[in-house]
Each structure stands twice: as structure tokens, then as C-alpha cells.
Amino acid sequence: MSGAGSATVKPTTVEVRLPSRLGYEKVAMSTAAAVAKLMGFREDRVEDLKTAVAEACINAMEHGNRLNEGLSVGVVLSAGVGSLEVKVIDDGKGMKGPPPKVDIDRKIHGEEDPRGMGMFLIQALVDEAEWVAGHNGKASYVRLVIRLDPPSQ
Amino acid sequence: MQSETKSRVDQLTSPAGHPVSVLRFEGDIASTSKEAVLGTYQSLPKQSTKLILLDFSKVDYINSSGIALVIQLLIEAAGAGQRVFAYGLSPHFTKVFTMVGITKYAGLFPGQQEALAAL
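Chain order of the listed sequences is A and B. Numbering that gives the first Met the number 0 applies: residue 0 is where the first sequence begins, and numbers increase by one. Numbering that gives the first Met the number 0 applies: residue 0 is where the second sequence begins, and numbers increase by one.
Since the hints were derived computationally from the structure, they do not count as laboratory data.
A few chain A residues that face chain B, going by a derived Cβ cut-off under 8 Å, partial list only: (1) D43; (2) T50; (3) K106; (4) P113; (5) G117; (6) A123.
Derived PhoX-like pairs: lysine-lysine, alpha-carbon spacing no greater than 25 Å straight-line: (7) B/K94 - A/K100; (8) B/K5 - B/K57; (9) A/K86 - A/K100; (10) B/K57 - B/K103; (11) B/K45 - B/K103; (12) A/K92 - A/K137; (13) A/K86 - A/K137; (14) B/K94 - A/K36; (15) A/K36 - B/K57; (16) B/K103 - B/K33; (17) B/K103 - A/K100; (18) B/K94 - B/K33.
Some chain B residues flagged as far from chain A (calculated, every beta-carbon gap over 10 Å): (19) T12; (20) G38; (21) T48.
The beta carbon of each residue, even a glycine, is placed where N, CA and C say it ideally should be.
Make the full structure from the sequences, and use the hints.
Put into C-alpha cells, the structure is as follows:
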């Protein structure tokens with residue numbers, strides 16, 4: 000992988016397989032950060048990616064695999080020219096509908112669960128996010144993309 | 000895999016003379032941090048604690064479950080008529096707290112000195 004702005008970046012794939020155990024999302028975070036840094040992403044974008052990947056892995060462990068440690072979460076990082084795509088794959092049925100908006104007033108007033116911000120954060124922190132339901136309730140995934148800034152003239 | 004959340008409370012006085020309870024956190028703030036975040040907050044005497052300052056300067060990782068614990072703390076503090084402020088968040092987590100709207104209910108400051116000066 001070459002730095003930002005290189006015209007000769009070869010598409011590169013890195014895969015990680017995690018147990019469905021909370022805390023192991025940090026392995027995916029570190030891996031994604033390492034790949035993003037090699038690609039030349041700015042530090043603030045690396046931090047955005049780390050949080051988005053962590054939240055995607057936590058959702059996959061909790062909601063997709065229901066914390067069944069016999070099921071793993073797959074993380075596939077595909078570094079292309081100018082962008083990094085991350086797929087986080089679980090054995091759940093997939094998310095239904097768009098991410099709910101976070102309404103802090105409703106949370107503070109007890110009208111909404113204080114939790115449930117993961118999908119919102121993912122969508123807010125990356126350039127693209129889509130949730131794809133797998134066939135027969137298997138291999139659902141969230142696909143995230145962050146793009147490198149165009150090289151300055 | 001998640002690092003344990005450590006917490007402690009310091010009682011300080013702001014330059015304006017107001018007592019301030021500072022909750023200092025260290026490590027990760029995640030779903031396993033309930034006792035460290037809410038338990039430590041709930042150990043404060045409700046009657047005499049009116050100003051609360053959350054110190055995140057030694058926190059490396061906060062996820063959405065950890066943010067939810069902070070929101071639960073804010074809910075309880077609002078019910079008790081307490082005001083909550085925070086400092087020491089990295090630029091990234093300052094952005095995340097702002098995105099989810101926590102800044103509407105807890106003022107954020109870069110450091111302890113700036114926070115105390117405002118209380």
C-alpha cells in the first residue's frame with residue numbers, strides 16, 4: 000500500500016475473524032487503523048473509522064450473533080485507490096430499515112432508550128454505510144467506505 | 000479484552016467558591032463500566048452535590064454503550080437538580096459527544112482549569 004495520492008496503489012485485502020465477545024472489536028479497530036494509516040488517511044479520519052468499525056463489530060456480536068461465542072464476526076478490509084471499504088459480517092438476519100436518529104431530548108426525558116446509537120454513529124462517521132441482509136438469515140453485513148481526500152493542488 | 004474502568008471522586012472548590020465533585024475515569028468506557036460510571040455517581044450524596052465534573056483525560060476508548068452510561072448519568076443528575084460538565088475528551092470524542100447531543104446537557108471543556116473557572 001502506498002501513501003495518499005499515489006496512482007499505483009494495488010487493491011489489497013486484509014481479513015480478520017473475531018469471536019462474538021465484547022472487547023474483541025478492538026482487534027478490528029486496530030487493524031482498520033493500521034490499514035488506513037498505511038493508505039495515508041489523516042489522523043482524524045482514522046479515529047472516525049475506528050469508532051465506526053468498533054460499533055459495526057459490536058452490533059454484529061450483540062444483534063447479529065447474539066453473543067454466541069461459537070459464531071464469529073468477519074471483518075474484510077479492502078484498500079482501493081482512494082478509498083477503504085470495510086465489510087463486517089455476522090450470522091444474523093440483518094438490520095431492518097435505516098439507522099434511527101438520535102434524539103438526546105427524548106433520551107434525557109426517558110422517552111427513548113439511552114442506548115441504540117451505534118448505527119447512527121457509523122453513518123455519521125464514514126462516507127458510505129449500507130446494511131445488507133443475508134440470504135436465509137445468514138451472512139448479513141454492514142459495508143462502510145471512507146475516502147481519502149483528493150490530493151491538494 | 001476491555002480494560003477495566005477505574006474511577007474515583009475528588010472534591011474540589013471552583014474559583015467562585017462552589018463545591019465541585021470530580022469523577023475521574025481511567026481505561027475504557029463500555030458496557031462493562033456501569034459500576035464505575037453510574038455506581039460512582041450514585042455514591043455521591045444527592046443533597047450536597049450540585050456541580051459534577053467528569054474527567055475523561057485518562058480514557059482511551061468510549062463506545063456507544065459507554066456513551067449510553069453517560070446519558071443515564073445525565074438523566075439521573077437532571078432529576079436531582081444537578082449540573083454536569085466534562086473535560087479531557089480527545090478531539091474525536093468531543094466530536095462524537097457533540098454529534099449525539101450530549102453537549103446540550105453537559106458543557107465540555109478542554110481541561111480541568113477551564114472547567115472549574117466556568118463553575
